[in-house]
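No gaps in the numbering here: position 77 of the sequence shown is 77 in the working numbering, and each next residue is one more.
Do not rely on the hints blindly, as some may be mistaken.
[As the list claims (entries may be wrong)] Taking lysine-lysine and the PhoX-like style, the derived pairs with C-alpha atoms no more than 25 Å apart in a straight line are:
{"hint": "1", "residue 1": "152", "residue 2": "117"}
{"hint": "2", "residue 1": "157", "residue 2": "195"}
{"hint": "3", "residue 1": "100", "residue 2": "128"}
{"hint": "4", "residue 1": "241", "residue 2": "198"}
{"hint": "5", "residue 1": "144", "residue 2": "122"}
{"hint": "6", "residue 1": "220", "residue 2": "146"}
{"hint": "7", "residue 1": "241", "residue 2": "144"}
{"hint": "8", "residue 1": "98", "residue 2": "169"}
{"hint": "9", "residue 1": "157", "residue 2": "169"}
{"hint": "10", "residue 1": "48", "residue 2": "215"}
{"hint": "11", "residue 1": "117", "residue 2": "48"}
{"hint": "12", "residue 1": "246", "residue 2": "202"}
{"hint": "13", "residue 1": "122", "residue 2": "57"}
[As the list claims (entries may be wrong)] For each label pair, taking beta carbons as the anchor points, the in silico distance ranges come out as:
{"hint": "14", "residue 1": "15", "residue 2": "72", "range": "40 to 50 Å"}
{"hint": "15", "residue 1": "232", "residue 2": "6", "range": "44 to 54 Å"}
{"hint": "16", "residue 1": "7", "residue 2": "65", "range": "17 to 27 Å"}
{"hint": "17", "residue 1": "117", "residue 2": "48", "range": "16 to 26 Å"}
Please keep in mind that the hints were generated in silico from the structure rather than gathered at the bench.
Only a predicted model underlies this, so the values are computations on that prediction, with no experimental measurement involved.
C-beta atoms are modelled at their ideal positions from N, C-alpha and C, and glycine is treated no differently.
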Amino acid sequence: MQQCNLVGRVNALETFGLVDGPGVRFVVFLQGCNMRCKYCHNPETWDKNTGEEWTPKALFERAFRYHKYWKDNGGITVSGGEPLLQIDFVTEFFRLAKEKNIHTTLDTCGQPFSNDKAFLEKFDELLKYTDLVMLDIKEFDEEKHKALTGHKNSNIKEMAQYLSDRNVKMWIRHVLVPGLTDDEQGLIDLNSFIKQLKSVEKVEILPYHTLGLMKWEKLKLPYPLEGVKTPTQEEIDRAEKLLEIK
1 MQQCNLVGRV NALETFGLVD GPGVRFVVFL QGCNMRCKYC HNPETWDKNT GEEWTPKALF
61 ERAFRYHKYW KDNGGITVSG GEPLLQIDFV TEFFRLAKEK NIHTTLDTCG QPFSNDKAFL
121 EKFDELLKYT DLVMLDIKEF DEEKHKALTG HKNSNIKEMA QYLSDRNVKM WIRHVLVPGL
181 TDDEQGLIDL NSFIKQLKSV EKVEILPYHT LGLMKWEKLK LPYPLEGVKT PTQEEIDRAE
241 KLLEIK
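Construct the entire structure; sequences and hints are all you get.
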């Protein structure tokens, strides 16, 4: 049922995204994230109380202007920030998209996931209108994940298993940071975990970059990875081999 008074907080829109799901995508970056990843390239999305307010209907109408460019394999992606923090808004937005048979992708780190009954009811409703989940697994080891992001990851692993059990299509992404998320055992353990999931269609390595550094400086935030270099092609190839990416 459409919720007329529902609004979401949006940080930015990208009309021709090429890396946030299959094909050409209209990408919505929502406001708000609980994680504080040391390498975050969108720290301006952390604050839940900023951003531009949109209704699902108005946002969908904006997105639908570009539908001719999506052809048979594009669509709409909602990213962040963390879209699950605005789960009701995303659900209604995706519901409108599916009325037009548009492919929908949820780009999430999974941090808000919970086995709480109230959350799962909302999550299951969202999954009715979600074609693909791109899950960013930032680090497999729980304590290292907490040091990296400020949060443990047991619930994120549970979310991956939950999606697998329901045969929801997934892409798994991992940001490769030299000296931080590239240790051999961690990548081997991550690969073992991914291999037992039934619905993973794709695994991607996202090389760490410093393009977000200016945003940290603009926000007057100390950058935790000062001096860390981007991974070499050799380091990327090694990680892809450990994750059995072909």
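Do the hints match the structure? See the list:
no.: 1; hint: 152 - 117; in the structure: holds (21 Å)
no.: 2; hint: 157 - 195; in the structure: holds (13 Å)
no.: 3; hint: 100 - 128; in the structure: holds (14 Å)
no.: 4; hint: 241 - 198; in the structure: holds (20 Å)
no.: 5; hint: 144 - 122; in the structure: violated (30 Å)
no.: 6; hint: 220 - 146; in the structure: holds (23 Å)
no.: 7; hint: 241 - 144; in the structure: holds (22 Å)
no.: 8; hint: 98 - 169; in the structure: holds (16 Å)
no.: 9; hint: 157 - 169; in the structure: holds (15 Å)
no.: 10; hint: 48 - 215; in the structure: holds (17 Å)
no.: 11; hint: 117 - 48; in the structure: holds (24 Å)
no.: 12; hint: 246 - 202; in the structure: holds (10 Å)
no.: 13; hint: 122 - 57; in the structure: holds (19 Å)
no.: 14; hint: 15 - 72: 40 to 50 Å; in the structure: violated (19 Å)
no.: 15; hint: 232 - 6: 44 to 54 Å; in the structure: holds (46 Å)
no.: 16; hint: 7 - 65: 17 to 27 Å; in the structure: holds (20 Å)
no.: 17; hint: 117 - 48: 16 to 26 Å; in the structure: holds (24 Å)
Checked against the numbered hints above, the structure violates hints 5, 14; every other hint is satisfied.
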